[in-house]
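There are 2 protein chains.
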Amino acid sequence: MSPSPFSRFKQESPHPSTGPDPSRAGHFHTAHGMVQTPAFMPVGTQGTVKGVTPRQLADIGPQMILGNTYHLGLRPGDELVRKFGGLHKFMDWKGPILTDSGGFQVFSLAGLRRITEEGVTFQDHIDGSSHFLSPERSMEIQRNLGSDVVMALDECPPGRLERDKLEVSLARTTRWLQRCREFPLDPHQGLFAIVQGGTHLDLRRNHLEQILEIDHKLPFQGFAVGGLSVGEPKEEMNATLAEFVRELPSDRPRYLMGVGTPEDLIYGIEQGVDLFDCVLPTREARHGRLLTSRGRVNIKNARHRESAEPLDPECSCYTCTTFTRAYLHHLFRVGEILALTLNSIHNLSYTVGLTRAARQALLDDRFPDFARRTRDNWNTEEP
Amino acid sequence: MSPSPFSRFKQESPHPSTGPDPSRAGHFHTAHGMVQTPAFMPVGTQGTVKGVTPRQLADIGPQMILGNTYHLGLRPGDELVRKFGGLHKFMDWKGPILTDSGGFQVFSLAGLRRITEEGVTFQDHIDGSSHFLSPERSMEIQRNLGSDVVMALDECPPGRLERDKLEVSLARTTRWLQRCREFPLDPHQGLFAIVQGGTHLDLRRNHLEQILEIDHKLPFQGFAVGGLSVGEPKEEMNATLAEFVRELPSDRPRYLMGVGTPEDLIYGIEQGVDLFDCVLPTREARHGRLLTSRGRVNIKNARHRESAEPLDPECSCYTCTTFTRAYLHHLFRVGEILALTLNSIHNLSYTVGLTRAARQALLDDRFPDFARRTRDNWNTEEP
Numbered sequence: 306m307s308p309s310p311f312s313r314f315k316q317e318s319p320h321p322s323t324g325p326d327p328s329r330a331g332h333f334h335t336a337h338g339m340v341q342t343p344a345f346m347p348v349g350t351q352g353t354v355k356g357v358t359p360r361q362l363a364d365i366g367p368q369m370i371l372g373n374t375y376h377l378g379l380r381p382g383d384e385l386v387r388k389f390g391g392l393h394k395f396m397d398w399k400g401p402i403l404t405d406s407g408g409f410q411v412f413s414l415a416g417l418r419r420i421t422e423e424g425v426t427f428q429d430h431i432d433g434s435s436h437f438l439s440p441e442r443s444m445e446i447q448r449n450l451g452s453d454v455v456m457a458l459d460e461c462p463p464g465r466l467e468r469d470k471l472e473v474s475l476a477r478t479t480r481w482l483q484r485c486r487e488f489p490l491d492p493h494q495g496l497f498a499i500v501q502g503g504t505h506l507d508l509r510r511n512h513l514e515q516i517l518e519i520d521h522k523l524p525f526q527g528f529a530v531g532g533l534s535v536g537e538p539k540e541e542m543n544a545t546l547a548e549f550v551r552e553l554p555s556d557r558p559r560y561l562m563g564v565g566t567p568e569d570l571i572y573g574i575e576q577g578v579d580l581f582d583c584v585l586p587t588r589e590a591r592h593g594r595l596l597t598s599r600g601r602v603n604i605k606n607a608r609h610r611e612s613a614e615p616l617d618p619e620c621s622c623y624t625c626t627t628f629t630r631a632y633l634h635h636l637f638r639v640g641e642i643l644a645l646t647l648n649s650i651h652n653l654s655y656t657v658g659l660t661r662a663a664r665q666a667l668l669d670d671r672f673p674d675f676a677r678r679t680r681d682n683w684n685t686e687e688p
Numbered sequence: 306m307s308p309s310p311f312s313r314f315k316q317e318s319p320h321p322s323t324g325p326d327p328s329r330a331g332h333f334h335t336a337h338g339m340v341q342t343p344a345f346m347p348v349g350t351q352g353t354v355k356g357v358t359p360r361q362l363a364d365i366g367p368q369m370i371l372g373n374t375y376h377l378g379l380r381p382g383d384e385l386v387r388k389f390g391g392l393h394k395f396m397d398w399k400g401p402i403l404t405d406s407g408g409f410q411v412f413s414l415a416g417l418r419r420i421t422e423e424g425v426t427f428q429d430h431i432d433g434s435s436h437f438l439s440p441e442r443s444m445e446i447q448r449n450l451g452s453d454v455v456m457a458l459d460e461c462p463p464g465r466l467e468r469d470k471l472e473v474s475l476a477r478t479t480r481w482l483q484r485c486r487e488f489p490l491d492p493h494q495g496l497f498a499i500v501q502g503g504t505h506l507d508l509r510r511n512h513l514e515q516i517l518e519i520d521h522k523l524p525f526q527g528f529a530v531g532g533l534s535v536g537e538p539k540e541e542m543n544a545t546l547a548e549f550v551r552e553l554p555s556d557r558p559r560y561l562m563g564v565g566t567p568e569d570l571i572y573g574i575e576q577g578v579d580l581f582d583c584v585l586p587t588r589e590a591r592h593g594r595l596l597t598s599r600g601r602v603n604i605k606n607a608r609h610r611e612s613a614e615p616l617d618p619e620c621s622c623y624t625c626t627t628f629t630r631a632y633l634h635h636l637f638r639v640g641e642i643l644a645l646t647l648n649s650i651h652n653l654s655y656t657v658g659l660t661r662a663a664r665q666a667l668l669d670d671r672f673p674d675f676a677r678r679t680r681d682n683w684n685t686e687e688p
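Which chain is which? The protein sequence lines are D and Y, in order. Take 306 as the starting number for the first sequence in the numbering used here and just add one per residue. Take 306 as the starting number for the second sequence in the numbering used here and just add one per residue.
There may be inaccurate statements among the hints.
You can't tell identical chains apart in this list, so a pair holds if it fits in one copy or across any two.
Claimed, not checked - The list that follows gives simulated cross-link-like pairs (lysine-lysine, DSS-like), each with its CA atoms no further than 25 Å apart:
1. K470 x K539
2. K315 x K522
3. K315 x K399
4. K399 x K388
Bear in mind the hints are in silico, worked out from the structure with no lab data behind them. Small disclaimer: the values here were computed from a predicted structure and weren't measured.
Just chain D, with the same shape it has in the complex (with noise of 0.2 Å):
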């Protein structure tokens, strides 16, 4: 019927009959190639990964990477990255790219900000420019970015909303999708829907029937979590996904934004998620902290000056298998630029294989054992 590449997403693992486990493997196809998940997408926000080239990245092999839209559409401006031939072709990524909607960073970075029915008018958080954003626009910004996977332009209210305002909120961010799923986009582009609602769940299950009424006459490719992570309590947050991410159609990817730790990641994936990000990876290398197998281990620390060890014996990554944690230790404490890529390409390639490890665990059908020795590792001290 559509032209569109995007085909539904397959169960791989466990074989899709209704079982009382959600956690699950799979895979779904874009114009630039398959993704597999569960995949974790490292975030570029300014059309680069932080800290490493394009061709680290493709070593580091994740399915996907995301782009955004609020910085992009700023600067370089998303008119001159569609005249350069797209995102991919600006900086270099020959994968699959989702675009967020700019919602998210109108929401939490930018200045004064003024939201009507039309959409969000709000000051540029470098210059402090006047600009405005709505679904169209949002829209438009995507397909001048040219992704694979557009997000639709969502309402990011703070965690702690009262509920009548958060009904509020919902209403309009079901108006604000029915016009991005209206939007012509471009035929090799998916959509993905986000439901809010916060840690309410009736809020969310009513927010996604009124998704699914929109998706059963124009559907969407995929089905994003928003409004978690985002300052609610961990427990909270767990809850709401253990019951409501099995909700979500199972025939398209589930996307949880902004997440997370490798605790979360795990979490995630059991509840049934197929798709994260998160700019954890990345921020922490910069600050010197490191994800490994054995948990958390801070490169400032003096006990590292002299050990001829690697980061992390069970990473095959190029830090890893190339130099001592005693080389990484100078480099930070001397603040050499070397520092920050290295450790990046280290905190990437442990985030995407903890991923791609949990795809295998699935297909294995070891993941709860994989799930409890991942859990065991991050509980222990700093190796």
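With the hints as your guide, set chain Y onto chain D.
Quick look at chain Y alone, frame taken from chain D:
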């Protein structure tokens, strides 16, 4: 006779008959491989050439790199580097390494210092702690670092020191050189002597004479011209080089320290210099100032904002074969780490490539034409 892997300098072109033109191509051997000259050595001050991984550096292909004794002796400390098998292993550089003596940094960078016949007491420029550098200590650090080429410790007087003070300094440098030569380096290490004398040709000749007396008994593996490019007028430096370089023994490599710009490299090669080092390519890269076959490019400049051109169409480096000027402009403007990496890769590739191309031009007996074209390109408007 000696177990040293060092070979004398073998001149390949022009045929080593005594002609009027001192410029030459050649090679010599070290424990970590052959060094083909003329060659530009990237500077790896703190155990990394700033902004690039050793893998990226290997792609760039320098014949030899430089490490700084002052910095490495303080952080991480030469004893630690020795425990890790030397600087080659510590930083994963498999090719030849030259280390400087630490003298230049002590005289230009360190805080309060006091010079005696024995050596120099100085303050660490970072933490103010007190340290002592003598000929023996400099040799010890460089032995611990395990570099292929060890530089003798010299006093580095300011560019315009009065003649009588300079004579006192030169005499002490000669006595220090004798002590360096008597120090038991590792058999695989070669020692280069440094000729000082500022732009006073007679003092320089006199200093060289004293050095050759030591060399007559215990030969050096190379000779360096120090004390130029330290603030004196360019014409005086060039006049000194024109007279003096050809007086250095032709059967050992000749190294012009701390030089330099593309124009300076061409001029030095014309005068018979074989080796160069300078922080210029990486430092300029970090400021967005890029060296190209058509002259200098300031990538911050708005004229590059929408340029689909490669940075340098004649360059085959990763940066130039992969990205547009518009992308490099964007990365630099938004302050991404990748800007520093891609700019450094290019500037190093350009500079190393310039000496490689000069070598080929010498071998092909067309160096004067090559030098003229290079100068013409550098005298045009910014491309």
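Task: Indices of hints not satisfied (ascending) - done: Checked against the structure, no hint fails, so every one of them is satisfied.
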